[in-house]
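Model the placement of chain C on the given structure of chain E, informed by the hints.
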Amino acid sequence: MQVNSLQKYTMTAISLHWWIALLIFIAFPLGVYMHDLPLSPYKLKLFSWHKWIGVTVFLFAVLRIFWRISHQAPALPAGLPQWQKLASHVTHILLYVLIVAVPLSGWLMSSAKGFQTVWFGILPLPDLISKDRELGNLLVIVHKTLNFSLLALVGMHIMAALKHHFIDKDVILRRMLPFNLGEK
Amino acid sequence: MSRIYIKHLALIGILLLSGHASAVEFNQVVADKSSINFGYKQMNVPLEGKFKKFAAQIDFDPAKPESAQAKFEIDLASIDTGSDEANDEVVGKAWFNTKAFPKATFVSTGVKPLGNNRFEVQGKLTIKGKTLAVATPFTFKPDANTASFDGAFTIKRLDYAIGEGEWADVSTVANEIQIKFHILAAAKK
Numbered sequence: 018m019q020v021n022s023l024q025k026y027t028m029t030a031i032s033l034h035w036w037i038a039l040l041i042f043i044a045f046p047l048g049v050y051m052h053d054l055p056l057s058p059y060k061l062k063l064f065s066w067h068k069w070i071g072v073t074v075f076l077f078a079v080l081r082i083f084w085r086i087s088h089q090a091p092a093l094p095a096g097l098p099q100w101q102k103l104a105s106h107v108t109h110i111l112l113y114v115l116i117v118a119v120p121l122s123g124w125l126m127s128s129a130k131g132f133q134t135v136w137f138g139i140l141p142l143p144d145l146i147s148k149d150r151e152l153g154n155l156l157v158i159v160h161k162t163l164n165f166s167l168l169a170l171v172g173m174h175i176m177a178a179l180k181h182h183f184i185d186k187d188v189i190l191r192r193m194l195p196f197n198l199g200e201k
Numbered sequence: 002m003s004r005i006y007i008k009h010l011a012l013i014g015i016l017l018l019s020g021h022a023s024a025v026e027f028n029q030v031v032a033d034k035s036s037i038n039f040g041y042k043q044m045n046v047p048l049e050g051k052f053k054k055f056a057a058q059i060d061f062d063p064a065k066p067e068s069a070q071a072k073f074e075i076d077l078a079s080i081d082t083g084s085d086e087a088n089d090e091v092v093g094k095a096w097f098n099t100k101a102f103p104k105a106t107f108v109s110t111g112v113k114p115l116g117n118n119r120f121e122v123q124g125k126l127t128i129k130g131k132t133l134a135v136a137t138p139f140t141f142k143p144d145a146n147t148a149s150f151d152g153a154f155t156i157k158r159l160d161y162a163i164g165e166g167e168w169a170d171v172s173t174v175a176n177e178i179q180i181k182f183h184i185l186a187a188a189k190k
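Quick mapping for you: the protein sequence lines, in order, are chains E and C. Numbering-wise (the working numbering), the first sequence opens with residue 18 and increments by one. Numbering-wise (the working numbering), the second sequence opens with residue 2 and increments by one.
One thing to keep in mind: the hints can contain errors.
[Claimed, not checked] Listed next, the in silico EDC-like pairs over lysine to aspartate or glutamate satisfying Cα-Cα at most 20 Å (straight line):
1) C:LYS125 to C:GLU74
2) E:LYS60 to C:ASP85
3) E:LYS62 to C:ASP85
4) E:LYS130 to C:GLU90
5) C:LYS53 to E:ASP149
6) E:LYS62 to C:GLU177
7) E:LYS62 to C:ASP170
8) E:LYS148 to C:ASP60
9) E:LYS60 to C:ASP89
10) C:LYS34 to C:ASP60
11) E:LYS130 to C:GLU86
12) E:LYS130 to C:GLU49
13) E:LYS60 to C:GLU167
14) C:LYS42 to E:ASP144
15) E:LYS62 to C:GLU167
16) E:LYS130 to C:ASP81
17) E:LYS130 to C:ASP89
18) E:LYS60 to C:ASP170
19) E:LYS148 to C:GLU165
20) E:LYS60 to C:GLU165
21) C:LYS51 to E:ASP53
22) E:LYS62 to C:GLU90
23) E:LYS60 to C:GLU90
24) E:LYS148 to C:ASP85
25) E:LYS60 to C:GLU86
26) E:LYS130 to C:ASP85
27) E:LYS62 to C:ASP62
28) E:LYS62 to C:GLU49
29) E:LYS62 to C:GLU86
30) E:LYS148 to C:GLU167
The set of hints was computed from the structure by calculation and includes no laboratory data.
Bound-form chain E, shown alone (with noise of 0.2 Å):
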């Protein structure tokens, strides 16, 4: 096994987990409630803001599966059992795909129904697809299975960071939090 002395994860992966836990905590419900209002400018500016902080979660998403890539995260308490870190490894990586893959197909459905994304109403984003009314249906459900599979990674994420940190009372939390919080 690795000996890892980091105790800590670095300054720029705790803050860019932060950001894009407030945005997904921002854009997700807002995405809920704004879905089937009736049209009016109301509306339209709700899938504008949804649509620009679902870019800055893909950016930080991108940004931070770098940062991870290229340095090394504190390692998991030694007495964790095998079936705890294989576990939480296998949920990490499918949190990483999915704060990509969720804006990531809110873009390409924004494509096909015919809108482009332009973030925060300067830059103008590519559309990979062209409109398509087939796809843009398909991409509406691939989009809301997949925030629907986030919510649930997200929920279990949060259970066992709660756990560790309250019940069995180690470092995994802390590890991740801002400021210094949480040392005793």
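Chain C alone, transformed into the frame defined by chain E:
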């Protein structure tokens, strides 16, 4: 003597040319090869739409642009904004109110040459009961027995009360609407 001869030749040439030009008058609009599209911005996102049904009458002789005429009648309910949701919305009262105002019309009042096969047509555009003077440049492209007329101009939707109430907010749907037309017409038979 040879100078007089050249002068005559030149004169005959001019007569032939102008005679040829004025004989070609384009007045048979080919509906399925003509289109009226529009571009607009929604939250700064560029979008395109079109009117699927319209009637156009034109009478254009490039040699006599001042006597050219054009009349368009656009079936507003045939609008395609690019999304079903918006198509249902824009026929309603706040937008075109197509029940009360089913058609938009454009009637030309004059055409002037701009040179290089470019012209400008002035006319009156009526939408939703409001009539305003508009002008648009267009390019005339003759090709055997047909000719195409291509041009674009911008109108402000609020000038015609297109999008009232909460929709009057131009920060979501921009005020400027770009109208692009491509008209194909055959020569008079």
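For the pair supplied as a hint, LYS60 of chain E and GLU165 of chain C, confirm whether the alpha-carbon distance does not exceed 20 Å. holds, 16 Å
Agreement of LYS42 of chain C and ASP144 of chain E with the hint, judged by alpha carbon distance not exceeding 20 Å: holds, 16 Å
Restraint check for LYS62 of chain E with ASP62 of chain C, where alpha carbons must lie at most 20 Å apart: Roughly 48 Å between the alpha carbons, so the hint for LYS62 of chain E and ASP62 of chain C is violated.
Is LYS148 of chain E close enough to ASP85 of chain C, meaning Cα to Cα at most 20 Å? Roughly 13 Å between the alpha carbons, so the hint for LYS148 of chain E and ASP85 of chain C holds.
What's the verdict on LYS60 of chain E and ASP85 of chain C, does the C-alpha distance respect the 20 Å limit or exceed it? The hint holds at about 15 Å.
Run the distance test for LYS53 of chain C versus ASP149 of chain E: straight-line Cα separation, threshold 20 Å. holds, 19 Å
Below or equal to 20 Å on CA atoms is what counts here, so check LYS130 of chain E against GLU86 of chain C. Distance of about 11 Å is within 20 Å: holds.
Between LYS148 of chain E and ASP60 of chain C, does the CA-CA distance stay at or below 20 Å? violated, 37 Å
If you draw a straight line from the CA of LYS60 of chain E to the CA of ASP170 of chain C, is it 20 Å or shorter? holds, 13 Å
Satisfaction of hint between ASP53 of chain E and LYS51 of chain C, Cα-Cα up to 20 Å: violated, 25 Å
For the pair we were handed, LYS148 of chain E and GLU165 of chain C, check the Cα-Cα distance against 20 Å. violated, 29 Å
Hint consistency between LYS130 of chain E and GLU49 of chain C [alpha-carbon to alpha-carbon, up to 20 Å]: holds, 12 Å
When held up to the earlier numbered hints, the structure conflicts with 8, 19, 21, 27, 30 and fits the remainder.
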